[in-house]
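Mind docking chain L on chain D? Use the hints.
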Amino acid sequence: MSLIKKIIVSDSAKNSLISREIAVALFKKIIGSESNIEFDFTNIEFISRSFADQFYKLKIEYEQNQNSKIQIVNANENVINMLDIVSQTQNSTNREFQPVPIIKFSNSEMLSDYLFSI
Amino acid sequence: MKIKIQNRFSYNFGEPLNYVFNVLIQINAVNPTAVSFDFSESKFISPFVIVGITAVANSLKTQGKRVELIFNKSIPVPSYFNAIHFPGGYNFEGMTSAEMNSKLEDYTSKTFIPLVLFPTSLIDRESTLRENIISAIGSILKKQLKLTGNLLQAIYYLIDELTNNVTDHSESEKGILFAQFYPSKNYMDVCIADFGRGIKQTYLDSGKANPTSHEEAIELAIKGRSTKNQTVSRGFGISTSRRMLTEGLRGKFFLFSGNAMFYQNTEKQAIIELPEGAHFKGCMVALRIPTIPNTAFDFYKYTE
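Heads up: the protein sequence lines correspond to chains D and L, in order. Going by numbering that gives the first Met the number 0, the first residue of the first sequence is number 0, and it counts up by one from there. Going by numbering that gives the first Met the number 0, the first residue of the second sequence is number 0, and it counts up by one from there.
Bound-form chain D, shown alone (with noise of 0.2 Å):
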């Protein structure tokens, strides 16, 4: 289990990530794989809360099955805060909801009156 792979998750034209199905792509680039792996994420400015969650659950779970290392490289600060966020928001089920309002109007003239005032 020395060996590194390396993947590059883009190329320089695209510098965000943003879809689950992207995370997903990438760690299918991995499936097979005995070596620990590297993923390289020179480029990229930015990653979604989308992809984020995606990957660290794919992470955790490949580390598991796989008793291999995954290892985030050249990430920049915006890239290791999201990933952190999701880390900590994984098990979280008590968020905080203020009630909000219901209303009805019982004319479309009192309709009209409420959206020209926001």
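Simulated from the structure, these hints should not be mistaken for laboratory data. Any given hint could be a false lead.
List of simulated lysine-lysine pairs, DSS-like, C-alpha gap at most 27 Å [claimed, not checked]:
id	chain 1	residue 1	chain 2	residue 2
1	D	Lys58	L	Lys267
2	D	Lys28	D	Lys68
3	D	Lys27	D	Lys5
4	D	Lys56	L	Lys207
5	D	Lys103	L	Lys267
6	D	Lys56	L	Lys222
7	D	Lys103	D	Lys68
8	D	Lys56	L	Lys60
9	L	Lys42	L	Lys222
10	L	Lys72	L	Lys60
11	D	Lys103	L	Lys280
12	L	Lys222	D	Lys103
For chain L alone, kept in the frame of chain D given last:
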């Protein structure tokens, strides 16, 4: 049936939304087999109307109805429509990321992005195309707005989360995205819509919740209730986006699906039950994002 599009809209946030509701009320009252949207006297069109009409027109087409858009080529607006690629959207089919960036370079000096009808299918080819489109649009907005740091991160976040919602939940053939920047007013308007099954039906189909009304479904969505199996770490999109935009950036957030809407700004928030005639099967989100850097805004405070 002909719908004559109003010739001018103010910068008021709610006026174009009210207009879209009125268009829906007119159409739903008649249930026509064909609809013509007449833009021949249009002079200034709100981005919310552009996306709203695009979503309604596509929804009508999926119901087998005939849709026609009428323009008057003798006035300046059609060149704007051409520039934004209304109503069909910019054709990115077959382009690589590098090609998209190159083609969109023309928009760097403009105050709008082209209208985008992005694919929503999860098959690899369409996922990659969608990913590349949203990434390229983010790059153009960065250059247009000349933003860095937390505010740029927030704009990326809002667009990514809300377009992902369309992909993950709507079962719409396409998602719709458009943005217009108003440099003299220091804000941008972003509108994202689909013509899919709507929020209420998404919850019902998931089996994760059983809302009995569109208002209840919207309440679940803004609370962050997921429709997916991995409930604890999903469902953040709408709930975090609205808080980030209104509490963090002091902007405005609007969500519409079925016959209910939600609005939030810094001072107020409410779910509104709309007249049944204003019913729209898909979903529409309108955002007004202030573009003045705000040093007090902490992006990571709102990403949970």
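Cross-check of the supplied hints:
no. : hint                 : in the structure
1   : D:Lys58 to L:Lys267  : 41 Å, violated
2   : D:Lys28 to D:Lys68   : 15 Å, holds
3   : D:Lys27 to D:Lys5    : 14 Å, holds
4   : D:Lys56 to L:Lys207  : 21 Å, holds
5   : D:Lys103 to L:Lys267 : 16 Å, holds
6   : D:Lys56 to L:Lys222  : 23 Å, holds
7   : D:Lys103 to D:Lys68  : 55 Å, violated
8   : D:Lys56 to L:Lys60   : 39 Å, violated
9   : L:Lys42 to L:Lys222  : 39 Å, violated
10  : L:Lys72 to L:Lys60   : 25 Å, holds
11  : D:Lys103 to L:Lys280 : 19 Å, holds
12  : L:Lys222 to D:Lys103 : 20 Å, holds
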